[in-house]
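> Protein chains in written order, with this note's numbering: chain A, 1 to 113; chain B, 1001 to 1117.
It is worth saying that the hints were derived from the structure and are not from the lab.
Mixed in with the good hints, there may be bad ones.
As a list, the in silico SDA-like pairs of lysine to any residue whose alpha-carbon atoms are at most 20 angstroms apart [unchecked claim]:
{"no.": "1", "chain 1": "A", "residue 1": "53", "chain 2": "B", "residue 2": "1100"}
{"no.": "2", "chain 1": "B", "residue 1": "1003", "chain 2": "B", "residue 2": "1031"}
{"no.": "3", "chain 1": "A", "residue 1": "36", "chain 2": "B", "residue 2": "1064"}
{"no.": "4", "chain 1": "B", "residue 1": "1104", "chain 2": "A", "residue 2": "46"}
{"no.": "5", "chain 1": "B", "residue 1": "1104", "chain 2": "A", "residue 2": "28"}
Where chain A lies over chain B, by a calculated footprint (3+ residues, C-beta under 8 angstroms) [stated by the list, open to error]:
{"no.": "6", "region": "1045-1057"}
{"no.": "7", "region": "1092-1106"}
Source: prediction; values computed, not measured.
Beta carbons: idealized from backbone N, C-alpha and C, even for Gly.
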Amino acid sequence: DTEVTQTPKHLVMGMTNKKSLKCEQHMGHRAMYWYKQKAKKPPELMFVYSYEKLSINESVPSRFSPECPNSSLLNLHLHALQPEDSALYLCASSPRDQSYGYTFGSGTRLTVV
Amino acid sequence: AQKVTQAQTEISVVEKEDVTLDCVYETRDTTYYLFWYKQPPSGELVFLIRRNSFDEQNEISGRYSWNFQKSTSSFNFTITASQVVDSAVYFCALSEAYLLNDYKLSFGAGTTVTVRA
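Please build the complete structure, drawing on both the sequences and the hints.
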């Protein structure tokens, strides 16, 4: 299995809702990442987990809450989002030694209404 | 500070023309990795090529080739004999260590390539 699977593919949520994005990989990669991509912009790093521990938080607002329950799973919990948070959220994983680079999921397209 | 610069915002070519995408990077590390990714309209990021900082050998893989020059901090990418299916946004990216053996990937702004039939 050489894929990163993200669910759901599309999500529409209200500003008072709580939702979660899910990312799963079974390649034994020890680093997992969340990126946010606005239209016509490059992906921007949000969080990095290394060996299931949060190692980078790029000053992301607390309405985004990451979680890494185990080495294969990465969640992003969403609460009280704003319309400007609408974007494509990409998950990625990589082996720690960079030998195979980064594998990206197909993303969750989030719309906040 | 911008670590990866893609000066070309958009490139439009006619099918079968060659397309060269420029990328200039900035890093203080001696060990780093450079990537090119393709993002078609569907949104997924497709890995194309990877180079580590110790290997300046330029290669060709099918219709793709790349020119890595550490002296000028450039990592340019060429699509030979372009096809309509090559239309996408192309990102150059730099992977650097933020801790010993922990890396993060930073992207350039991207170049939109349109190949016309």
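> Hint by hint, note whether the structure agrees.
Hint-by-hint comparison with the structure:
With a C-alpha separation of about 15 angstroms, the suggested pair residue 53/A and residue 1100/B falls inside the 20 angstroms cut-off, and the hint holds. Of the pairs offered as hints, the one joining residue 1003/B and residue 1031/B holds, with about 15 angstroms between alpha carbons and a cut-off of 20 angstroms not exceeded. For a cut-off of 20 angstroms, the pair hint linking residue 36/A to residue 1064/B is broken: about 28 angstroms separates their Cα positions. A hinted pair counts as satisfied when its Cα atoms are at most 20 angstroms apart, and residue 1104/B with residue 46/A qualifies at roughly 11 angstroms.
The hinted pair formed by residue 1104/B and residue 28/A meets the criterion: a straight-line CA distance of about 18 angstroms does not exceed 20 angstroms. For the region 1045-1057 of chain B, the stated coverage by chain A is satisfied: 4 residues place a CB nearer than 8 angstroms to a CB of that chain, which reaches the threshold of 3. Note: the region 1092-1106 of chain B has 9 residues with beta-carbon separation from chain A under 8 angstroms; the three-residue rule is met and the coverage holds.
The structure does not agree with numbered hint 3 stated previously, though it agrees with all others.
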